[in-house]
Amino acid sequence: MNTMLQAPALTAVAPLALEAVDFVHRGQPLLSDVSLRLADCRRTLVLGPNGAGKSLLMRLAHGLLAPSQGRVHWEGAAPRQAMVFQHPVLLKRSALDNLLYALAVAGTPWRHRRPLARAALARFGLAALARRPARVLSGGEQQRLALARAWLLEPGMLFLDEPTSSLDPAAIKAVEAAVDDFHRRGTRILMSTHDLHQARRLADEVVFLCGGRLLEHAPAERFFTAPDTPEAAAFLRGELID
Amino acid sequence: MPHDSALATAVALILAGDPALLDIVALSLRVSLGAVLIAALLGLPLGAALALWRFPGRGALIVALNALMGLPPVVAGLSVYLLLSRAGPLGELGLLFTPTAMVVAQVMLVLPIIAALTRQQVEALHDEYREQLRSLGLSRPRMIPTLLWDARFGLITVILAGFGRASAEVGAVMIVGGNIDGVTRVMTTAIVLETSKGDLPLALGLGIVLLGLVALVNAGAHLIGEAARRRLG
Chain A
1 MNTMLQAPAL TAVAPLALEA VDFVHRGQPL LSDVSLRLAD CRRTLVLGPN GAGKSLLMRL
61 AHGLLAPSQG RVHWEGAAPR QAMVFQHPVL LKRSALDNLL YALAVAGTPW RHRRPLARAA
121 LARFGLAALA RRPARVLSGG EQQRLALARA WLLEPGMLFL DEPTSSLDPA AIKAVEAAVD
181 DFHRRGTRIL MSTHDLHQAR RLADEVVFLC GGRLLEHAPA ERFFTAPDTP EAAAFLRGEL
241 ID
Chain B
1 MPHDSALATA VALILAGDPA LLDIVALSLR VSLGAVLIAA LLGLPLGAAL ALWRFPGRGA
61 LIVALNALMG LPPVVAGLSV YLLLSRAGPL GELGLLFTPT AMVVAQVMLV LPIIAALTRQ
121 QVEALHDEYR EQLRSLGLSR PRMIPTLLWD ARFGLITVIL AGFGRASAEV GAVMIVGGNI
181 DGVTRVMTTA IVLETSKGDL PLALGLGIVL LGLVALVNAG AHLIGEAARR RLG
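Note that the protein sequences, when read in sequence, are chains A and B.
Sequence positions in the first sequence follow our numbering and run 1 to 242.
Sequence positions in the second sequence follow our numbering and run 1 to 233.
Hints listed in this document are in silico derivations from the structure and should not be mistaken for laboratory results.
Computed from a prediction, not measured in an experiment: that's the story for all the values here.
Backbone N, C-alpha and C define an ideal beta-carbon position, used for all residues, glycine too.
If a hint is listed, it holds; no wrong ones were tucked in.
Covered, in the sense of this in silico footprint (three residues per stretch, anywhere, with C-beta under 8 Å from a C-beta of chain A), are these stretches of chain B: (1) 118–131; (2) 140–151.
Derived list of chain A stretches under chain B, where covered just means 3 residues or more per stretch with a C-beta under 8 Å from a C-beta of chain B: (3) 59–68; (4) 76–87; (5) 90–98; (6) 101–108.
Hey, can you work out the whole structure from these sequences and the hints?
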């Protein structure tokens, strides 16, 4: 893997706190009284059954949505953030131009953009596809391009919303390797998944949601061996819960 | 057989390169393409802004724009006539019965089409892009060029619809241009004149030339659009 992109050591990322967050949509409470504090450079995996509010939690934490009640705030200077979505949204231009665009938006000086984008493509195994239109890449390639775009932004915190749910095993492996790369570079990770094996592979700690409530926030080891709540225990046994 | 002679007249007119005809064709293209260009420069960002911002009265504005897509050309012509006539508020500019007045009138006809259809296209695209663009930290003004560029294939059709409206209408250019030979006579007004004079072959000949030009412009845009679509998926 190429080393042109060794990032400057990231300074400590400020903790992110959600305080008694509610989210109501059309009279339906979708998240209720969620308090969560994310600190240090940990990989936090968000688990829970479908409809538990995992995606919503990510969007609130990232600032794409505003809570109906409570608040989301950084305990210090807000770091750069990036988000990788379940279905990558790429612009209708070439893979390289997608990265150049992100750098332009981020305010990177013009003469640095091309070498940075090229290096990111190489890092994510996309160098040969630089000129290909992003929209005709395979699902796995598109997700790698989305990760390369996030990589270029040098985020202090990275959100990933079920980034591997529609990918084949090889592509999943590439995404997980990328998550590790981000983590090694000092990026805090908040990632949702419905794949328990993936969570075991990646998690430093786990946030467990069920029915719009945060039931557990625990170190991965403890969550997987001795969950506190019966819901989490049932979820880990693979039972259907609602 | 008027059809045969019309076709023969059209071919003869084109082959002869009749300077009077070429003037009329050139002016027609200048007025209509000029109007479409101006309407696109105004209408594309306007439509995109309307797709991105929520404000009181937005719904009414969208309904008004949609309704204006059906604005009768004679009404547009009359409004511009009143604005530019000697006694009107802009009478001092002396623009009535000039090609500029014709462009202004056609902009009034084309702008609502481009703005309203652009709004629809950009709104659909924005639904797909919104979260990603916000995640990248784009402000709404910054989203406008991005969304317009990514909607470009659909917007070619939007602009063609505008060009179709401009090149086909006769009422507005007739009222504000006056159909003055060699100054403001365009193909549609010439066709009206020749028909009323009873010179049907010439009128039909002009009609065929007009049809051919519109077909040419559309074919060109279609080819460009298809090539780009195939390349970019």
